[in-house]
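Number of protein chains: 2
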Amino acid sequence: MHILVLGAAGMMGRKLTTQLVRQAKLGERSISKLTLVDVVAPERPNFAGEVQLHAVDLSAASTAEALVESRPDLIFHLAAIVSGEAEADFEKGYRINMDATRSLFEAIRLEGVRRPYCPRVVFTSSIAVFGTPFPDVIGDEHVLTPLTSYGAQKAIGELLLADYSRRGFFDGVGVRLPTIVIRPGKPNKAASGFFSGILREPLMGQEAVLPVPDTVRHWFASPRAAVGFLLHAAVMDTASLGIRRSLNMPGITATVAEEIAALQRAAGDEAVALIRRERDPAIEQIVAGWPRAFDPERALALGFSGDTSFDEIVQIYVEDELEGARS
Amino acid sequence: MHILVLGAAGMMGRKLTTQLVRQAKLGERSISKLTLVDVVAPERPNFAGEVQLHAVDLSAASTAEALVESRPDLIFHLAAIVSGEAEADFEKGYRINMDATRSLFEAIRLEGVRRPYCPRVVFTSSIAVFGTPFPDVIGDEHVLTPLTSYGAQKAIGELLLADYSRRGFFDGVGVRLPTIVIRPGKPNKAASGFFSGILREPLMGQEAVLPVPDTVRHWFASPRAAVGFLLHAAVMDTASLGIRRSLNMPGITATVAEEIAALQRAAGDEAVALIRRERDPAIEQIVAGWPRAFDPERALALGFSGDTSFDEIVQIYVEDELEGARS
Numbered sequence: 048m049h050i051l052v053l054g055a056a057g058m059m060g061r062k063l064t065t066q067l068v069r070q071a072k073l074g075e076r077s078i079s080k081l082t083l084v085d086v087v088a089p090e091r092p093n094f095a096g097e098v099q100l101h102a103v104d105l106s107a108a109s110t111a112e113a114l115v116e117s118r119p120d121l122i123f124h125l126a127a128i129v130s131g132e133a134e135a136d137f138e139k140g141y142r143i144n145m146d147a148t149r150s151l152f153e154a155i156r157l158e159g160v161r162r163p164y165c166p167r168v169v170f171t172s173s174i175a176v177f178g179t180p181f182p183d184v185i186g187d188e189h190v191l192t193p194l195t196s197y198g199a200q201k202a203i204g205e206l207l208l209a210d211y212s213r214r215g216f217f218d219g220v221g222v223r224l225p226t227i228v229i230r231p232g233k234p235n236k237a238a239s240g241f242f243s244g245i246l247r248e249p250l251m252g253q254e255a256v257l258p259v260p261d262t263v264r265h266w267f268a269s270p271r272a273a274v275g276f277l278l279h280a281a282v283m284d285t286a287s288l289g290i291r292r293s294l295n296m297p298g299i300t301a302t303v304a305e306e307i308a309a310l311q312r313a314a315g316d317e318a319v320a321l322i323r324r325e326r327d328p329a330i331e332q333i334v335a336g337w338p339r340a341f342d343p344e345r346a347l348a349l350g351f352s353g354d355t356s357f358d359e360i361v362q363i364y365v366e367d368e369l370e371g372a373r374s
Numbered sequence: 048m049h050i051l052v053l054g055a056a057g058m059m060g061r062k063l064t065t066q067l068v069r070q071a072k073l074g075e076r077s078i079s080k081l082t083l084v085d086v087v088a089p090e091r092p093n094f095a096g097e098v099q100l101h102a103v104d105l106s107a108a109s110t111a112e113a114l115v116e117s118r119p120d121l122i123f124h125l126a127a128i129v130s131g132e133a134e135a136d137f138e139k140g141y142r143i144n145m146d147a148t149r150s151l152f153e154a155i156r157l158e159g160v161r162r163p164y165c166p167r168v169v170f171t172s173s174i175a176v177f178g179t180p181f182p183d184v185i186g187d188e189h190v191l192t193p194l195t196s197y198g199a200q201k202a203i204g205e206l207l208l209a210d211y212s213r214r215g216f217f218d219g220v221g222v223r224l225p226t227i228v229i230r231p232g233k234p235n236k237a238a239s240g241f242f243s244g245i246l247r248e249p250l251m252g253q254e255a256v257l258p259v260p261d262t263v264r265h266w267f268a269s270p271r272a273a274v275g276f277l278l279h280a281a282v283m284d285t286a287s288l289g290i291r292r293s294l295n296m297p298g299i300t301a302t303v304a305e306e307i308a309a310l311q312r313a314a315g316d317e318a319v320a321l322i323r324r325e326r327d328p329a330i331e332q333i334v335a336g337w338p339r340a341f342d343p344e345r346a347l348a349l350g351f352s353g354d355t356s357f358d359e360i361v362q363i364y365v366e367d368e369l370e371g372a373r374s
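Heads up: the protein sequence lines correspond to chains A and B, in order.
So for the first sequence, the working numbering puts the first residue at 48; every next one is plus one.
So for the second sequence, the working numbering puts the first residue at 48; every next one is plus one.
None of these hints come from the bench; they were simulated from the model.
Where hints are given, some of them may not hold.
Pairs involving identical chains hold if they fit within one copy or between any two copies, as the list cannot separate such chains.
Each computed SDA-like pair below joins lysine to any residue, with the alpha-carbon atoms no more than 25 Å apart [as the list claims (entries may be wrong)]:
(1) K139 - R162
(2) K80 - S352
(3) K80 - R118
(4) K139 - S109
(5) K80 - P231
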């Protein structure tokens with residue numbers, strides 16, 4: 048089985064690659080080849096099969112065609128400009144998040160015109176496709192009204208994914224990821240960054256800033272759960288999806304106070320004491336437009352499973368990042 | 048006031064133009080110039096102000112820029128490949144319904160980069176953005192899951208309209224038209240054609256085929272009501288629209304039996320006797336995927352008003368097409 052990962056150098060791409068290499072198979076099929084693609088060269092994994100690494104811009108002419116020409120059996124399309132950047136650079140956001148996605152889908156369709164071809168395509172979407180006003184718990188039938196260009200681009204990707212799948216050009220599954228916590232690495236300027244930061248920094252003995260009230264509620268998944276969603280989307284039976292190819296993933300709904308309580312249980316009061324409260328009205332306003340909870344009924348019925356508690360989310364970070372880093 | 052109408056040679060475009068010429072103003076502003084555009088040259092209206100006619104392909108390079116360069120105050124974007132053709136010709140459907148729409152929006156944005164510019168843009172969308180399963184009555188929060196490429200292209204147009212409006216590049220309103228009855232002209236092969244045909248042909252003493260059971264229910268508006276929606280969208284206060292720029296329009300929900308009863312009241316039993324029942328399983332299946340009724344709460348609150356009964360819909364056809372043609 049040949050697997051193509053687009054966006055392989057990003058956080059999710061690296062974790063997905065690591066897991067694919069570890070499993071060396073997917074469902075019943077062994078993985079013979081990995082093609083890893085990003086704008087910067089992805090790291091070469093320690094994999095027994097064939098590995099190809101490409102540093103290319105997916106939005107450039109003929110890039111998608113060249114990648115699809117080798118007819119991968121499974122394509123993970125994780126490549127995207129993040130929300131903040133898509134908002135700051137309108138043209139770049141549409142070029143990468145919309146045009147490059149369409150180029151990929153078109154390349155697959157045209158490859159199928161030459162010779163029958165229908166790969167599984169797993170597309171990472173986001174809860175950013177939803178916009179206020181929300182019910183307390185968002186159901187599977189809720190309207191898509193994104194509040195950002197990023198959200199609009201993801202929603203457009205979902206519509207294309209559904210239509211190309213309905214036409215039989217490929218077999219697509221869209222995975223609407225919750226906000227991923229605890230993101231490893233350095234603090235960044237994403238408006239959602241503090242959800243990870245107020246746990247990650249104190250776990251390493253460093254101070255973190257909390258810019259919103261403790262009552263703010265949001266929807267989370269660990270990186271490990273997110274990789275699990277992608278892998279399940281890659282092997283699941285898509286017959287029952289019908290036209291509705293994109294799914295709200297299971298997650299954990301938690302307030303900032305509940306995050307902090309989980310930190311306290313994992314690392315004690317001294318960790319909690321490292322959180323400095325410094326309200327930022329701009330971030331508060333952005334976060335007020337974000338979903339608080341979902342009822343991901345369809346995804347659960349289709350076999351997706353997520354984290355079981357916020358304590359588990361913290362534990363996963365400790366196991367995968369801190370203990371892993373020390374070992 | 049300079050008004051640009053894209054798709055001016057189509058049924059809706061012609062009726063809209065006629066009404067604009069008749070009013071000679073819109074709200075408080077008098078209309079000084081009409082630019083009418085379609086792939087075939089629109090008819091020259093008998094208008095006192097300036098008229099420009101263009102037969103161009105909106106999806107061709109630089110066409111949108113050239114049209115927008117004259118900085119119209121109001122743009123009606125009605126140009127589209129219809130559902131059946133977009134389904135039969137995948138590439139053409141995306142080129143016209145998606146790429147040309149984006150080209151137009153981009154041309155407006157880039158014109159605004161040169162010198163501040165923020166026209167009102169009225170975009171005709173369709174109830175084809177919705178797909179089964181449906182509730183009996185579809186509310187304003189219902190998810191968009193189109194079952195056709197046409198529906199997907201309209202949904203993508205709506206997402207772009209909302210994002211470009213949110214960014215302040217233009218002031219967009221999306222109008223999700225019900226199925227228009229009674230369409231004037233010859234029978235066509237659209238799956239929805241019989242909804243008009245079983246009224247139009249008998250009103251002219253001709254036989255019509257009914258391919259579905261009398262119990263089939265659908266959502267309708269007259270051409271006159273539809274023109275009214277477009278004109279209201281052109282002048283309404285958009286401040287309260289927020290990010291949700293596309294609206295389900297008011298309509299009449301009616302079964303085929305109710306259509307026939309209205310025909311009977313307008314033209315008697317002999318007209319009804321001209322309807323020949325000949326079931327077509329293919330059409331039945333397509334129509335089974337269509338909405339039956341809406342609760343267009345937002346549109347009503349925002350001042351849109353539609354037909355009051357199916358009898359009125361029949362009467363409008365008689366007045367606007369039959370008596371008009373005779374006079």
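How the hints compare with the structure:
Within a single copy, K139 and R162 get their C-alpha atoms only as close as 33 Å, which misses the 25 Å cut-off; across copies the closest is 22 Å, which meets it. In this assembly of identical chains, the alpha carbons of K80 and S352 never lie at most 25 Å apart, being 27 Å within a copy and 60 Å across copies at closest. In the homo-oligomer, the alpha carbons of K80 and R118 lie at most 25 Å apart inside one protomer (11 Å), although the nearest pairing across protomers, at 54 Å, exceeds that limit. When the C-alpha separation of K139 and S109 is checked against a cutoff of 25 Å, the pair qualifies both within a copy, at 18 Å, and between copies, at 21 Å.
For the homomeric pair K80 and P231, neither the shortest alpha-carbon distance inside one copy (27 Å) nor that between copies (59 Å) is at most 25 Å.
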